[in-house]
Amino acid sequence: MGSNTTSTSKGTNVFQPEQFSSRLCFDQYSHGQYKTSATNALQNQQQNRYIKRDKDDRKTADKVLDKRTAMIIHKYINNEDISGVYGCISTGKEANVYYCASEKYGPCALKIYKTSTMVFKDRDKYVTGDYKFRHGYAKHNSRKKILVWAEKEFSNLHKLYSAGLRVPEPLKLRSHLLLMRFLGHEQDPAPLLKDLKMSSKVATELYWSLVLDMWTMYRVCRLVHADLSEFNLLVNDGQIFIIDVSQSVTPEHPHAIDFLKKDCFNITEFFRKKGAQTVGFKDLFLFIVDKSISHENKDECFVKLKQKAAARDPNLTNEEKVDEEVFKGAFIPQNLGQVVDFERDYYEMKMGQRHSDDLDYQPIIGMAPDLSSAATVPRILHGPESHTNDALCSASSQSSADVGADNDCPINCDANDKIDAPQYVQSPIEREVGEVKLQLYSNEENEVEDVTIEEEFKENNCSSKLKHQVRPKGETTEEKKLRKKEVKEDKAEKRKTKVPKHVKKRATKK
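One point on numbering: in my numbering, the residue at position 477 of the sequence shown is 477, and numbering is uninterrupted.
It is possible that part of the hints are untrue.
[What the hints assert, rightly or not] With beta-carbon atoms standing in for the labels, derived distance ranges: (1) Leu336 - Gln307: 30 to 38 angstroms; (2) Met71 - Glu103: 17 to 25 angstroms; (3) Phe231 - Asn44: 52 to 60 angstroms; (4) Gly87 - Gln307: 43 to 51 angstroms; (5) His140 - Asp341: 36 to 44 angstroms; (6) Val220 - Ser116: 36 to 44 angstroms; (7) Thr477 - Lys93: 53 to 61 angstroms; (8) Val377 - Ser162: 25 to 33 angstroms; (9) Glu169 - Asn79: 13 to 21 angstroms.
[Unchecked claim] Taking lysine to aspartate or glutamate and the EDC-like style, the derived pairs with C-alpha atoms no more than 20 angstroms apart in a straight line are: (10) Lys152 - Asp124; (11) Lys132 - Asp227; (12) Lys75 - Glu151.
In case anyone wonders, no lab produced these hints; they're calculated from the structure. Keep in mind it's a predicted model, so treat the numbers as computed, not measured. Where a beta carbon is used, it is the ideal one built from N, C-alpha and C, also for glycine.
Assemble the whole structure, with the sequences as input and the hints as a guide.
This is the structure:
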């Protein structure tokens, strides 16, 4: 017997309301509320008016290539500045350099700065105090900051290239992409100095060529590289080229002197290891910053520097190494306002307690070895005889008697002193700052006393720290107590004849 049950399809037993939910509307009816193909097209067009951004748009390839950078490269190609990019030449902490071909400029190098992926973030020491950043910069916006950084390198390259220095010729700057002339032979890029194998003779030639370039860069272009080393120097056709000047600063920068000392040390150490005849990095530093060296006497000073290098032992002694380390960390004033006590240095020079070579700020400020006037002769041209007594005034006994008869000269010199210059005349600095009053006549015999500047300075400044706090060599405890006691007695005697301050003010007003 047959069954009364009827067979039903499997699909009719499954309830799927989601398939028809878009067709069901139970709101208040209004004309035209149903979507047609035209309304759908208008709605899609309205949505496409707004740009949707996601992480893919900010994705960076090779640490420099993102959508914005690709658009700028396309603009270079559309303007026929370049015909294409054909590979990466080098990568660095702040930028990548690519080889480009151009019908307009020939072989070129395209430097693309890193923006959001940059590793070199310690730029504050180069930026703080720089005139180009005097209005501030977007410290937390890497894209805005890198734009100013690229503009700075383009400006520095143009300044160096105009002065005749060997640097890549800057061609064009668009945003953070810098187009430069390619350095190399055909399509082979020029090697870095650190990768070049050279003899001691070639190293010596390159060293002295770089010394002149550093002098021109500082004195003519008014720039300090601030990162000069074998990693930022190229050798092309036997000549040395300077690259990577984005962090270069002016000599007025607060850290310019420290940057220059570091550059001189890096260059001197590298070429010394290569067997070149080099001078000490302190001598190189003083040659660059000496204001009395001009274009007229530069060649003479350069020859003198070479002679000094030829007579120098390449193997440094322990004392020389210590002196270099001390000079590296020493603070050097850039102007008179930064000198701690100029008057003290001035009098110590006059008394012969200090040598002109001890004052490292003297050539930077441009003063004479005795600090009495502006320097007219470079420091390197001073022979050993000319500055052994450059701080002392001396004359014969007959001339001292003649000077003693004239009250205009405050100094009496011994007959045994050597004389290097005409008779010393009191300078405006000495008259204004320090009162060096020497009693040249004796009340009893009416003769000239043989008093040196050092004795008179101690006599008139017995209350200064120089006499009290400087302990003589080999002084015992008993001698120290006796010396302190004598000082107290001298002060007590002076207080007896001291003029009250109110009486002194009245006399001054009258």
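query = Range hint 30 to 38 angstroms: satisfied by the CB atoms of Leu336 and Gln307?
reply = holds (32 angstroms)
Item to complete: Return holds or violated for the Cβ distance of Phe231 and Asn44 against the range 52 to 60 angstroms.
Response: With Cβ atoms ~55 angstroms apart, the hint holds.
(message) Please check whether Met71 and Glu103 have a Cβ separation lying inside 17 to 25 angstroms.
(response) Between Met71 and Glu103, where Cβ atoms are some 22 angstroms apart, the hint holds.
Verify the proposed pairing of Lys152 with Asp124, using a straight-line Cα cut of 20 angstroms.
Given pair Lys152, Asp124 holds - Cα atoms ~15 angstroms apart, limit 20 angstroms.
Just tell me: holds or violated, for the beta carbon distance of Thr477 and Lys93 against 53 to 61 angstroms? holds (59 angstroms)
Kindly confirm whether 36 to 44 angstroms is satisfied by the beta carbon distance between His140 and Asp341.
With Cβ atoms ~42 angstroms apart, the hint holds.
- request: Could you grab the alpha-carbon distance between Lys132 and Asp227 and see if it respects the 20 angstroms cut-off?
  value: holds (18 angstroms)
Distance restraint hint 43 to 51 angstroms, applied to the beta-carbon atoms of Gly87 and Gln307 = holds (47 angstroms)
**Asked** Do the beta carbons of Val377 and Ser162 sit within 25 to 33 angstroms of each other?
**Response** 31 angstroms Cβ-Cβ, so the 25 to 33 angstroms window holds.
Would the pair Lys75 and Glu151 pass a check requiring their Cα atoms to be no farther apart than 20 angstroms?
holds (18 angstroms)
Exercise for review: Using the Cβ atoms, figure out if Val220 sits within 36 to 44 angstroms of Ser116.
Suggested key: holds (37 angstroms)
Outcome for the supplied range 13 to 21 angstroms, where the beta carbon pair is Glu169 and Asn79: Cβ of Glu169 to Cβ of Asn79: about 18 angstroms, so the range 13 to 21 angstroms holds.
Going down the numbered hints, you'll see the structure goes against none, and every one checks out.
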